[in-house]
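**Student:** For reference, the chains in residue letters:
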Amino acid sequence: MAKIIPEKEIPSLASELTKTHTVYAPVIKGDETVFSEINDSAEIALNYSQTPLPPKMYFLPANEELFKVVDDELQKAGGIKPFIVFLNLKDLKAVNYLDKIMQKEPADTFYLQRRSVSTLVATTESAVGSHNGSDLTLEKRNNSTYLAHSFTEKGNKILKSSLFKEAPIPEKSAQEPLPNHFDELLLDSGLLAQAVEWSRENSPSTWEALGKICLSCGICTYVCPLCFCTSTEDKTSIDGSECTRCRKWDACTLPRFAQVAGGHNFRPTQKDRYYNWFYHKFVRAYKEFGQAQCVACGRCQKYCPAGIDIEKILTRLVEDYKKAHTKKT
Amino acid sequence: MKNKPKIAIFDFTDCEGCEVALVSLREKLVEIATETEIVNWRLAQKKADDGPYDIVLIEGTPITQTEIDTLKFLRGQTKILVGLGSCATLAGIPGIIDKEARSGWYEKIYGKDYKPRGIDALPLSAYVLVDYSIHGCPVDKSELLRVIQELLAGKTPKNPGYSVCFECKLAGNPCRLLDKKPCLGPITAGGCGAICIKGGSPCYGCFGIRQDAQVDNLVMTLRKFSDPAKIENYFSMFLKKTPEYKKLFDNKKERNGKP
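The listed protein sequences correspond, in order, to chains L and S.
Each residue of the first sequence is one higher than the one before, counting from 1 in our numbering.
Each residue of the second sequence is one higher than the one before, counting from 1001 in our numbering.
The set of hints was computed from the structure by calculation and includes no laboratory data.
There may be inaccurate statements among the hints.
Here are the computed lysine-lysine pairs in the DSSO-like style, where the Cα-Cα straight-line distance is at most 27 Å [as the list claims (entries may be wrong)]:
id : chain 1 : residue 1 : chain 2 : residue 2
1  : L       : K81       : L       : K248
2  : L       : K235      : S       : K1072
3  : S       : K1158     : L       : K235
4  : S       : K1155     : L       : K76
5  : S       : K1155     : L       : K235
6  : S       : K1224     : L       : K68
7  : L       : K68       : L       : K104
8  : S       : K1028     : L       : K235
9  : L       : K312      : S       : K1180
10 : L       : K302      : S       : K1224
11 : S       : K1158     : S       : K1198
12 : L       : K248      : S       : K1198
13 : L       : K68       : S       : K1198
14 : S       : K1180     : L       : K235
15 : L       : K235      : S       : K1224
16 : L       : K248      : S       : K1028
17 : L       : K68       : S       : K1028
18 : L       : K302      : S       : K1198
Bound conformation, chain L alone (with noise of 0.2 Å):
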């Protein structure tokens, strides 16, 4: 016997979770899907292919006080309620990924506490077999049925609504989802890795190009799941009693971010930062976790207000790659 759940049920599960914890998940709002807090009864978009901001939010604030001084005292930020966040299979992995990185020594303690209040419910049409890196996976198995795969304490706990049926699973119909070329571009982390690191010294007209399209605005790192860069100020209150620290999402295709005191900047021009973008993604990554820092969401190459088309470019850099190697042997 399994627990199943009707689709129709999910919002009603995701409302009453809202008793107990701040619930958020993804609701159609105009064109767009978007990440938001869920109230009574609201509709859940359980099969969004992209949202603009990614599920990172809330796990890493765009604006965050850490904590404050006040007159010489330290006063920690104040506690945060639990919360879920309902997303999907790729939302899910670029924040599995994200733990990894933040869990780095020296951790992100601020990022891992509000890790530690969360619970990831995850939706899909895939089939889950063991854990996932999810609380709590909503399979979907037909048209109107869910099945339920609890990975730990906090998924259990869900599992206790009276939402949830004892049944026997039902018979697979949903429609897997293929991989799409992106996906399967990423598959090889490592053939990725060489050929961005190859491009840099012999397809240096790529990159030429590309700093004269780049509006470095810096959405694709806001937009990104996997993009965790900040910058840190201090506050000061008029009186000078209090000085409040604060973070926000800083971009490494902006032009402050790797200039230094005395107003050195490292990457001088916007083709060095564009390029640095898909180094730390593609190669750095590779190197420091033996995986791109990419799920293949879509989200950069969608919302770039110039249009760059990261795919293709990526695709195009292994054919390039490709063909010099196997001219050398």
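Position chain S against the provided structure of chain L, taking the given hints into account.
**Tutor:** Structure of chain S alone, referenced to chain L:
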């Protein structure tokens, strides 16, 4: 007890909207007035002491010789001179008109014998060293407060290093450029909360051009769906007296002048 810093607020040709933003700080303004001495502020108080001052905030564009002279005098009277609002920092709305058009209008409106007092519409920085510019039409209250807090804490304030796009994305606005509508957000410094875009209007750049902005790249993107005259129009609203505007559009004018 240490002496409280002396603040003075002056204005030239403008709408006084940025001073109203200062008044709108309400309780925070009272706090500022408690921690400092506001010794001269025509709009808000009778007290009008002469310098020297520690901080002078100047709103508006210096247009007449008297205003230009006053500006130069005030520079000598203060340790820190801050431009308040786009009229002071960019020449703003007064900067839209050019000198030639201005003399034409003078004649049309006031007749041939009129002796104009207006010299030009240029930002404060065209005449004196400006220590910090609080851009905006009007200035954003939290930005205004941030700069005052930093000055009082002895810091050197810095313009936001990010674009309007940061706050625009957080506000959940659909991207105008993706909808093929003009917007100067990517090249404009943030701090405004993307208020215009939220209200359905393009960004005209009143917060000033961001450090190392990719102006040419934005023009390329704009040209995909907007004609050059329209693009120039968007840039001329607040940025007409910037070097970036001159570089983009002034050469073309010379060519147009010689058919």
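**Student:** Please go over all the hints and tell whether each is borne out by the structure.
**Tutor:** Tested hints:
1. Using a Cα cut-off of 27 Å, the hinted pair K81 (chain L) and K248 (chain L) holds, with the two alpha carbons roughly 21 Å apart.
2. Note on K235 (chain L) and K1072 (chain S): the hinted pairing is violated, with a Cα-Cα distance of about 32 Å set against a maximum of 27 Å.
3. A C-alpha spacing of about 13 Å is found between K1158 (chain S) and K235 (chain L), which places the hinted pair at or below 27 Å, so the restraint holds.
4. A threshold of 27 Å between alpha carbons decides the hint, and for K1155 (chain S) with K76 (chain L) the separation of about 24 Å falls inside it, so the pair holds.
5. Between the alpha carbons of K1155 (chain S) and K235 (chain L) the distance comes to roughly 10 Å, so the proposed pair stays at or under 27 Å and holds.
6. Between K1224 (chain S) and K68 (chain L) the CA atoms are separated by roughly 48 Å; this puts the pair beyond 27 Å, and the hint is violated.
7. For the suggested pair K68 (chain L) and K104 (chain L), the alpha carbons sit about 25 Å apart, so the restraint of at most 27 Å is met.
8. Only pairs whose Cα atoms come within 27 Å are accepted, and K1028 (chain S) paired with K235 (chain L) is accepted, the gap being roughly 15 Å.
9. Pair hint K312 (chain L) plus K1180 (chain S) holds up; C-alpha atoms about 22 Å apart against a cutoff of 27 Å.
10. A threshold of 27 Å between alpha carbons decides the hint, and for K302 (chain L) with K1224 (chain S) the separation of about 17 Å falls inside it, so the pair holds.
11. Between the alpha carbons of K1158 (chain S) and K1198 (chain S) the distance comes to roughly 25 Å, so the proposed pair stays at or under 27 Å and holds.
12. Of the pairs offered as hints, the one joining K248 (chain L) and K1198 (chain S) holds, with about 21 Å between alpha carbons and a cut-off of 27 Å not exceeded.
13. Simply put, K68 (chain L) and K1198 (chain S) have alpha-carbon atoms about 32 Å apart, too far for the 27 Å limit, and the pair is violated.
14. Only pairs whose Cα atoms come within 27 Å are accepted, and K1180 (chain S) paired with K235 (chain L) is rejected, the gap being roughly 38 Å.
15. At roughly 41 Å between alpha-carbon atoms, K235 (chain L) and K1224 (chain S) are farther apart than 27 Å, so this suggested pair is violated.
16. With a C-alpha separation of about 24 Å, the suggested pairing of K248 (chain L) with K1028 (chain S) holds against the 27 Å cut-off.
17. Between K68 (chain L) and K1028 (chain S) the alpha-carbon distance is near 19 Å, which keeps this suggested pair within the 27 Å criterion.
18. For the hint pairing K302 (chain L) with K1198 (chain S), the CA-to-CA distance comes to about 20 Å; that is within 27 Å, so the pair holds.
In summary, the structure is inconsistent with hints 2, 6, 13, 14, 15 from the numbered list given earlier, while agreeing with the others.
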